[in-house]
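Protein chains: 2
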Amino acid sequence: MAERIVIIGGVAAGMSAASRARRIAPHAEVVVLERGPAAAYGACGLPAFVGGQVPNLDALRAHPEEFFRQQRGIDLRTGQDVVEIQPGRRRVVTKDGAGREEATAFDRLVLATGAAAVGLRGDDHPRLFRANTWEQAARLEAYLRQRGSRGGRAVVIGAGYIGMEISEALARRGLTVRLLEAGASVLPSLDADMAELMATAARRGGEQLAPVEIVNLARVEAILPAPQGIGLATSAGTVEAEFAVDASGLAPNVGLAAGAGVTRGLTGAIAVDERQQTNVPGIFAAGDCAESRHRITGAPAWIPLGAVANQQGRVAGQNAANGPVARYPGVLGSLVLSAFGWEAGRTGLGLEQAERAGFAVGVERIEANTVAGYRGERRVTLKWIFDRQSGRGLGMQVVGPPGTTLARLHAAAVALTAGLRRDEIEHLDLAYAPEVAPVYDPLQIAAHRAGR
Amino acid sequence: MAERIVIIGGVAAGMSAASRARRIAPHAEVVVLERGPAAAYGACGLPAFVGGQVPNLDALRAHPEEFFRQQRGIDLRTGQDVVEIQPGRRRVVTKDGAGREEATAFDRLVLATGAAAVGLRGDDHPRLFRANTWEQAARLEAYLRQRGSRGGRAVVIGAGYIGMEISEALARRGLTVRLLEAGASVLPSLDADMAELMATAARRGGEQLAPVEIVNLARVEAILPAPQGIGLATSAGTVEAEFAVDASGLAPNVGLAAGAGVTRGLTGAIAVDERQQTNVPGIFAAGDCAESRHRITGAPAWIPLGAVANQQGRVAGQNAANGPVARYPGVLGSLVLSAFGWEAGRTGLGLEQAERAGFAVGVERIEANTVAGYRGERRVTLKWIFDRQSGRGLGMQVVGPPGTTLARLHAAAVALTAGLRRDEIEHLDLAYAPEVAPVYDPLQIAAHRAGR
Chain L
1 MAERIVIIGG
11 VAAGMSAASR
21 ARRIAPHAEV
31 VVLERGPAAA
41 YGACGLPAFV
51 GGQVPNLDAL
61 RAHPEEFFRQ
71 QRGIDLRTGQ
81 DVVEIQPGRR
91 RVVTKDGAGR
101 EEATAFDRLV
111 LATGAAAVGL
121 RGDDHPRLFR
131 ANTWEQAARL
141 EAYLRQRGSR
151 GGRAVVIGAG
161 YIGMEISEAL
171 ARRGLTVRLL
181 EAGASVLPSL
191 DADMAELMAT
201 AARRGGEQLA
211 PVEIVNLARV
221 EAILPAPQGI
231 GLATSAGTVE
241 AEFAVDASGL
251 APNVGLAAGA
261 GVTRGLTGAI
271 AVDERQQTNV
281 PGIFAAGDCA
291 ESRHRITGAP
301 AWIPLGAVAN
311 QQGRVAGQNA
321 ANGPVARYPG
331 VLGSLVLSAF
341 GWEAGRTGLG
351 LEQAERAGFA
361 VGVERIEANT
371 VAGYRGERRV
381 TLKWIFDRQS
391 GRGLGMQVVG
401 PPGTTLARLH
411 AAAVALTAGL
421 RRDEIEHLDL
431 AYAPEVAPVY
441 DPLQIAAHRA
451 GR
Chain R
1 MAERIVIIGG
11 VAAGMSAASR
21 ARRIAPHAEV
31 VVLERGPAAA
41 YGACGLPAFV
51 GGQVPNLDAL
61 RAHPEEFFRQ
71 QRGIDLRTGQ
81 DVVEIQPGRR
91 RVVTKDGAGR
101 EEATAFDRLV
111 LATGAAAVGL
121 RGDDHPRLFR
131 ANTWEQAARL
141 EAYLRQRGSR
151 GGRAVVIGAG
161 YIGMEISEAL
171 ARRGLTVRLL
181 EAGASVLPSL
191 DADMAELMAT
201 AARRGGEQLA
211 PVEIVNLARV
221 EAILPAPQGI
231 GLATSAGTVE
241 AEFAVDASGL
251 APNVGLAAGA
261 GVTRGLTGAI
271 AVDERQQTNV
281 PGIFAAGDCA
291 ESRHRITGAP
301 AWIPLGAVAN
311 QQGRVAGQNA
321 ANGPVARYPG
331 VLGSLVLSAF
341 GWEAGRTGLG
351 LEQAERAGFA
361 VGVERIEANT
371 VAGYRGERRV
381 TLKWIFDRQS
391 GRGLGMQVVG
401 PPGTTLARLH
411 AAAVALTAGL
421 RRDEIEHLDL
431 AYAPEVAPVY
441 DPLQIAAHRA
451 GR
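Taken in order, these protein sequences are the chains called L and R.
Just so it is clear: in the first sequence, position 223 is 223 by the working numbering, and no numbers are missing.
Just so it is clear: in the second sequence, position 173 is 173 by the working numbering, and no numbers are missing.
Think of the hints as simulated: they come from the structure by calculation, not from any bench.
Where is the CB? At the ideal position from N, CA and C, for every residue including glycine.
One or more of the hints may lead you astray.
Computed, partial: chain R to chain L, Cβ under 7 Å [claimed, not checked]:
hint : residue
1    : Cys-44
2    : Gly-45
3    : Ala-59
4    : Ser-338
5    : Leu-409
6    : Ala-413
7    : Val-439
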């Protein structure tokens with residue numbers, strides 16, 4: 001009988017694991033069990049779908065589900081809620097939409113159960129939406145379409161990168177958006193001074209983009225009745241709106257794992273080794289449900305991001321298929337987002353993170369042009385964080401107009417991976433052309449100044 | 001008496017050296033002797049000036065010359081042709097426009113004499129132009145302005161990056177351009193297969209950009225009389241045009257140095273150590289006249305590029321000012337150019353270079369999107385060159401639409417500097433957002449495939 005590799009979850013990590021397992025073990029059965037109505041789509045594109053920049057949900061698929069079933073030979077099953085893992089019996093129990101239970105045996109199992117909103121009390125309110133999954137985005141889109149294009153007031157809860165993107169998407173549809181953030185600044189994944197630049201862009205709005213009102217230190221405590229929509233009791237007072245989108249408080253989906261004796265790590269996500277294997281032999285985990293090791297600190301980190309999920313999924317899939325041992329070397333927390341006509345990104349440790357990790361931190365923040373002055377103004381604000389003891393880079397953050405951030409983020413991520421020192425970064429030989437890149441890249445200018 | 005640091009040449013390397021020396025040694029005299037009528041301008045912007053994208057030559061200056069004299073206290077003298085260096089007497093002899101000779105003593109000297117066209121026989125033809133210097137570009141622009149905006153035939157000699165940029169600039173002004181290249185393909189600094197993508201773009205032309213006719217294997221052998229303009233005898237036949245621009249055959253300006261007993265290296269450029277010092281103590285060289293060490297091969301290299309010149313100038317200036325010892329760690333040959341609506345760049349070794357250097361070369365060339373498919377098509381062609389023995393990256397080249405190349409070039413330059421292996425590149429944690437960067441960067445996709 002053919003070996004069977006079962007994967008729970010059919011989005012980024014799950015489909016990566018499935019595709020990799022299929023390639024490594026052409027004769028194994030590869031079964032993907034996805035709870036939702038759709039699998040194999042790019043969840044990171046959901047805000048753009050809500051904003052109307054992606055025409056429909058199907059556009060978020062690189063391939064239709066049938067492609068995976070027929071061309072790749074992956075047994076992809078949607079609408080299959082795994083309700084129990086029985087590691088001793090090497091099987092999982094699923095429940096379908098009709099409530100039928102079924103057991104599926106596995107030789108190796110990959111958990112790619114993702115993350116989900118922590119949720120508010122009363123979160124089944126008809127005017128409260130989310131946009132983390134296909135079905136949530138579909139529900140929000142159906143509501144937006146039904147209400148028509150008239151103006152109105154929307155509230156977005158949580159100013160992380162998804163909250164920022166959803167705020168832009170709703171503003172793009174002509175809505176007046178109030179963005180509630182529990183913390184003191186938007187984008188907690190950036191240092192507050194860098195995040196503030198993005199908050200300014202959101203408050204300013206833009207072409208065909210109404211300004212967004214940002215309310216900091218507004219933790220949502222309860223959902224209130226409201227005659228015309230939804231009310232929210234927050235630590236900064238009561239807010240009413242026609243509807244609300246909750247983009248706050250993701251946590252790893254670990255319930256199933258916990259029930260099966262799979263250990264969680266310090267971050268609350270599933271603990272794995274470099275091979276993405278959990279404490280239970282033959283059970284792997286990858287993506288937003290799994291913990292990672294941070295490449296700078298070596299400490300456990302939980303960083304639910306699409307690129308990380310894909311890479312971890314690939315490693316888990318290869319190992320679950322008994323391929324040559326694959327190892328995931330850890331995360332830097334690299335991310336970039338685009339909202340309100342600006343880009344912002346980070347890689348490595350933020351300032352506070354670096355201090356908490358015990359480094360003697362040196363910081364250099366500059367503003368610099370990314371093209372020769374005679375070819376225009378495309379200025380970025382860029383911040384390097386160095387270890388003053390070793391001179392090594394610890395983290396970099398950058399905010400600027402479209403097209404200015406990625407070169408700096410990619411280069412900095414490589415420099416952090418390689419442990420380059422400040423002076424080595426200063427003396428990099430980087431490509432230059434007046435309309436493409438400046439003689440001294442902002443990365444080098446900041447590194448140079450940090451040495452003075 | 002104050003020490004005096006004399007710098008010959010007042011463009012990229014020379015002005016970098018002067019500014020650095022001034023900062024390091026506030027009490028020294030810093031004298032810059034520039035042969036041409038103008039100093040302290042961005043020579044890399046000259047093609048854009050010819051193309052009308054930079055309004056005037058003065059726009060190519062970050063600061064007016066007076067700024068360097070008054071604010072920075074640099075004794076900047078233009079129109080000063082150094083005719084002799086007398087190292088034993090620690091002085092240089094200059095000749096001004098009126099033929100007056102003058103001796104200027106120095107304590108330390110920086111040679112930043114640049115590079116110049118090797119030249120054709122009869123190269124004082126009134127219809128033969130160049131665009132490497134301020135005065136050459138001014139002469140070409142005066143001719144173009146005087147002839148008016150009617151159409152006409154121009155020839156550009158040499159399809160290096162300056163030849164490509166000048167061809168675009170002339171096409172932009174409504175001229176029909178024939179581009180003559182002595183070699184078998186354009187852009188000899190790129191591998192032929194990558195260069196061909198840029199040749200295709202030039203041949204296609206673009207919005208308000210007439211197609212350029214490229215003639216390969218056309219080495220210009222002589223200038224011929226022509227009734228309506230200029231004739232060129234080439235190895236591919238005779239060509240006539242209204243005028244020609246020579247963008248071929250740069251060589252380092254080393255005449256002065258040779259006369260002073262300063263040694264040249266294997267490449268013909270001035271040999272220097274890591275401190276940019278020549279064989280004559282107290283005489284430094286930097287920029288297009290100086291030789292470099294290649295970071296991958298360790299061998300001497302001559303790479304006349306603006307960013308390199310600036311960094312070398314800074315190192316030479318610091319050492320000439322007796323500052324803390326500064327070291328230039330060498331070149332990767334990183335470059336990027338933008339022409340005909342496309343960008344092309346390289347870093348590290350090209351394929352043939354890598355083979356000649358004795359590496360067991362592995363090559364992977366891919367085409368890949370730089371954004372999520374549902375956010376559009378911004379595809380690049382990207383080529384990695386790896387050492388199959390150690391797995392280390394040796395070089396990377398990329399061609400794509402505007403804004404797609406720099407992130408890959410910068411990241412690859414850092415990876416080459418750090419000696420990252422193929423598998424380390426594959427597993428980089430790079431920032432991702434659907435409209436900014438793909439889940440797997442083309443750099444990673446090519447590295448992954450190279451491992452199969």
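task: Enumerate the violated hints, using their earlier numbering and listing them in ascending order.
output: Hint check: nothing fails, all pass.
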